[in-house]
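Full structure from sequences and hints, please.
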Amino acid sequence: AQSVTQLGSHVSVSEGALVLLRCNYSSSVPPYLFWYVQYPNQGLQLLLKYTSAATLVKGINGFEAEFKKSETSFHLTKPSAHMSDAAEYFCASLYSGAGSYQLTFGKGTKLSVIP
Amino acid sequence: DAMVIQNPRYQVTQFGKPVTLSCSQTLNHNVMYWYQQKSSQAPKLLFHYYDKDFNNEADTPDNFQSRRPNTSFCFLDIRSPGLGDAAMYLCATSRTRGQPQHFGDGTRLSIL
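If you're matching them up, the sequences are chains A and B in order. When we follow this note's numbering, the leftmost residue of the first sequence carries the number 1, and every step to the right adds one. When we follow this note's numbering, the leftmost residue of the second sequence carries the number 1, and every step to the right adds one.
Just so you know, these hints were derived from the structure itself, not from any lab. Where hints are given, some of them may not hold.
Unchecked claim - Over 10 Å on every C-beta distance to chain B, these chain A residues come out as not near it, computed from the model:
(1) 12
(2) 13
(3) 14
(4) 18
(5) 86
Stated by the list, open to error - Cut-off 27 Å, straight-line C-alpha distance, at most; resulting in silico cross-link-like pairs (DSSO-like, lysine-lysine):
(6) A:49 x B:17
(7) B:38 x A:49
(8) A:107 x A:58
From the three backbone atoms N, C-alpha and C, an ideal C-beta is built for every residue, glycine too.
Okay, structure coming up:
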């Protein structure tokens with residue numbers, strides 16, 4: 001079974017500082033990987049996706065993530081945090097094989113940005 | 001803009017009174033999903049439709065049903081809501097299985 005682990009349920013950074021949100025997946029076969037952002041009382045918005053092409057993936061709002069097979073990681077980064085980045089972030093994996101297409105979410109990381 | 005629309009955004013119902021949540025999409029996607037998200041938790045998949053083919057998750061309670069009368073619309077019916085069913089319900093679509101999912105803004109359900 002797949003699983004996704006997000007280290008840190010809550011991360012605080014200062015405005016202008018580096019944002020690093022950690023995600024590790026467990027799968028014998030590299031899955032598709034996604035980062036979603038959720039603002040309060042809204043649905044999930046796709047930030048970026050990894051689908052076995054380039055290992056460094058650029059997304060919206062200045063975010064990017066790097067797929068590292070050796071570390072089974074897909075950490076999300078942004079060089080400089082903005083107040084508007086405060087939200088909850090979910091990492092998710094999709095293993096497209098053996099008829100299984102379920103998106104497996106991590107438990108989420110709530111990002112706070114301190115002025 | 002093509003999108004996923006959920007109505008209503010907020011729904012209040014009484015304990016045991018049936019309730020229906022609505023989702024529509026203009027993306028013409030084949031797959032529609034319903035998720036339940038409780039406070040500070042990840043979304044949990046309840047079921048999905050691939051075209052007209054209904055796929056129920058093994059641990060989805062019988063109290064939850066779904067209908068998809070056409071490509072654009074999908075409904076979530078809760079036959080006898082209990083207090084534990086209070087949550088945000090998210091609808092999502094994808095062009096086909098294995099493709100990124102596009103989410104609506106959700107319906108927050110409260111049970112009195």
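Hint check results:
Consistency note on residue 12 of chain A: stated as away from chain B, and its beta-carbon is indeed over 10 Å from all of that chain's, at 16 Å minimum. Every CB of chain B lies more than 10 Å from the CB of residue 13 of chain A, the least distance being 20 Å, so the non-interface label holds. Once the 10 Å rule is applied to beta carbons, residue 14 of chain A is consistent with being away from chain B; the minimum gap is 24 Å. No Cβ of chain B comes within 10 Å of the Cβ of residue 18 of chain A; the nearest lies about 25 Å off, and the non-interface call holds.
The claim that residue 86 of chain A is not at the interface with chain B holds, since no C-beta of that chain comes within 10 Å of its own (minimum 15 Å). Restraint check: the Cα-Cα separation between residue 49 of chain A and residue 17 of chain B comes to about 40 Å, which exceeds 27 Å; the hinted pair is violated. Between residue 38 of chain B and residue 49 of chain A the alpha-carbon distance is near 25 Å, which keeps this suggested pair within the 27 Å criterion. Among the hinted pairs, residue 107 of chain A with residue 58 of chain A is consistent with the structure: their alpha-carbon atoms are about 23 Å apart, no more than 27 Å.
Hint 6 from the list above is the single one not met by this structure.
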